[in-house]
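Undergrad: Spelled out, the chains give:
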Amino acid sequence: MISEEQQDQAALYALRLLDADEHAAFESELKGNNELRDLVRELREAAGHLALTTPSLLPPASLKQRIMREIAPQQVVPIPSPQRASFGWIPWAIAAGLALFCGLLAVDRARLERQLSDVRAVDPLMQTTFYTLAPSAPAPADAKATVAWQPGRQSGVIRISNLPAPEAGKDYQLWAVDAEHKDPISAGIVRVDKNGVAQIRFSPVEKAEHVKAFAISLEREGGVPKKEGPILLVGST
Amino acid sequence: MDYGEAPGSCMTQETLQQTTDREMMARIGHRDQSAFSTLYDRLSGPLYSLAMKMLGDPAEAQDALQDVFLQIWSRAGTYDPEQSSVFSWAVLLTRSRVIDRLRARGRRLRVVAGSTEDEEHGTTDASTVESAADTAEKSDEATRVRYVLTNLPSEQREAIEMAFFEHLTHQEIAARLGQPLGTIKARIRRGLLKLREHLHT
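These protein sequence lines are chains U and H, in that order.
The opening residue of the first sequence carries number 1 in our numbering; numbering runs sequentially from there.
The opening residue of the second sequence carries number 1001 in our numbering; numbering runs sequentially from there.
Isolated chain U (complex conformation) (with noise of 0.2 Å):
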């Protein structure tokens, strides 16, 4: 028999509103009760069911592209060896002679170009690229920041330093200019610590496939869709 007060805390706990300690006893609680932890799934299922009372809507398409992309195996192509590479001509060079050097020098470069595209196309570090921004008013002339951009995977990292937290109702928003689209493409909100530094991941909302710049504007609270306050901070490569 469940009394009315476990009750009460299972459909707190269902809607997880219980705090630290209260959650603690009740998992104590429950794991010697199967009745109650009967209840307690159904409760769950019930308030899982509360999702669907919302107007309803579908994510962008390009989402799902985003995170197939992010969930991809990495594959990894052998660095061809620097002593292979550098010195595998060698022998050749001594025989031909000088001009059959300088071919074969030609030849190499080729060679190398080739392989270097190859491991860009595939590894990650080989395609980032860095964008340091500077500060513009009326951002702090100490202010900086810097992101690295992985256009295949459409992701990147920001790295911001000496820039105060923005006043109340405000926040910081990352845009990437691109070169395809007429407006900056917002690529959310940045929030700094108490020391004016922020490290943080993000996205673009739309595909960005041609970034020129990434610039930080002050914007409402909560970020606008098109951008609206002064820039604070832009950069290109």
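The set of hints was computed from the structure by calculation and includes no laboratory data.
Keep in mind that the hints are not guaranteed to be accurate.
[Unchecked claim] Residues from chain U that face chain H, not an exhaustive set, calculated with beta carbons under 8 Å: (1) A46; (2) A47; (3) A51; (4) R66; (5) I67; (6) G196; (7) V197; (8) A198; (9) I200; (10) G222.
[What the hints assert, rightly or not] Using 20 Å as the maximum straight-line C-alpha spacing, the simulated DMTMM-like pairs for lysine to aspartate or glutamate come out as follows: (11) U:K64 - H:D1041; (12) U:K227 - U:D183; (13) U:K226 - U:D178; (14) H:K1194 - U:D183.
[Unchecked claim] Label-pair distances were calculated between CB atoms; the ranges are: (15) H:E1172 - U:K212: 21 to 31 Å; (16) U:V197 - H:S1074: 20 to 30 Å; (17) U:A165 - H:G1178: 29 to 39 Å.
By construction, the Cβ of each residue, glycine as well, lies at the ideal position given by its N, Cα and C atoms.
With chain U's structure known, arrange chain H on it following the hints.
TA: The following block gives chain H in isolation, referenced to the frame of chain U:
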């Protein structure tokens, strides 16, 4: 996507759906991307709708949904079907991630839509309102849950919505409504029990 069942045949259909979901989760646990893709197609609508209702911002809702699905991908092996269905697990996971985001930003929860009665007319900018391809089963289920919720006594519905969508604690709800704590606990309990009861019949 088909989260639901025709009225009157709830449990049978739901069990079939839950079985399918559990199989999907098992396959995802073995790094099956096609199973993940299928589960995404099935869950992303309701989860995104929930994130939008709580966050009110498409970009933030999409980021939250991305977090949730990456977590589903990485934690599929730890999913315990004894605790909850995949759907409820994913809904509560989404709610947690959204609450984390709101807490991190230190701002108040913002519930966008108004009453449940007129929620069908809620709009967002970049989001796609679910098309007519939405299955009849899901519409039936949504209609059923909405019917049950809207037919709860208003004070119970209010307490449940404040707790679930605004993540107010029972103490906060009591303070906001000027009611004793015990009264609010009872409203949440009775409302959730009624919701459970109706979903089982």
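Undergrad: Give a verdict on every hint.
TA: Each hint, compared with the structure:
The beta carbon of U:A46 comes within 4 Å of a beta carbon in chain H, closer than 8 Å, and the hint placing it at the interface holds. Interface restraint check: U:A47 against chain H, minimum CB-CB distance 6 Å, threshold 8 Å, status holds. Checking U:A51 against chain H by beta carbon gives a least distance of about 4 Å; that is within 8 Å, so the hint holds. Interface hint status for U:R66: upheld, as the beta-carbon distance to the closest one in chain H is roughly 6 Å, under 8 Å.
Taking 8 Å as the C-beta cut-off, the interface hint given for U:I67 holds, the closest approach to chain H being about 5 Å. The restraint placing U:G196 at the interface with chain H is violated, with a minimum CB-CB distance near 16 Å, outside the 8 Å limit. Of the supplied interface hints, the one on U:V197 is violated, with its beta-carbon coming no nearer than about 15 Å to a beta-carbon of chain H, more than 8 Å. Below 8 Å, beta-carbon pairs count as interface contacts, and U:A198 has none with chain H, the closest being about 11 Å; its hint is therefore violated.
Interface hint at U:I200: violated, since its Cβ lies 10 Å from the closest Cβ of chain H, which is beyond the 8 Å cut-off. The beta carbon of U:G222 is positioned within 8 Å of a beta carbon in chain H (closest approach about 6 Å), and the interface hint is therefore held. The straight-line distance between the Cα atoms of U:K64 and H:D1041 is roughly 9 Å, inside the 20 Å bound, and the hint therefore holds. For the proposed pair U:K227 and U:D183, the alpha carbon gap of about 8 Å is at most 20 Å, so the pair holds.
At most 20 Å may separate the alpha-carbon atoms for a hinted pair to count; U:K226 and U:D178 meet this at roughly 14 Å. Between the alpha carbons of H:K1194 and U:D183 the distance comes to roughly 50 Å, so the proposed pair goes past 20 Å and is violated. At about 46 Å, the CB distance of H:E1172 to U:K212 disagrees with the hint of 21 to 31 Å. One distance hint, 20 to 30 Å for the beta-carbon pair U:V197 and H:S1074, holds here, with the actual separation near 27 Å.
At about 34 Å, the beta-carbon gap between U:A165 and H:G1178 stays in the expected band of 29 to 39 Å.
Hint check: violations occur at hints 6, 7, 8, 9, 14 and 15; the rest are consistent with the structure.
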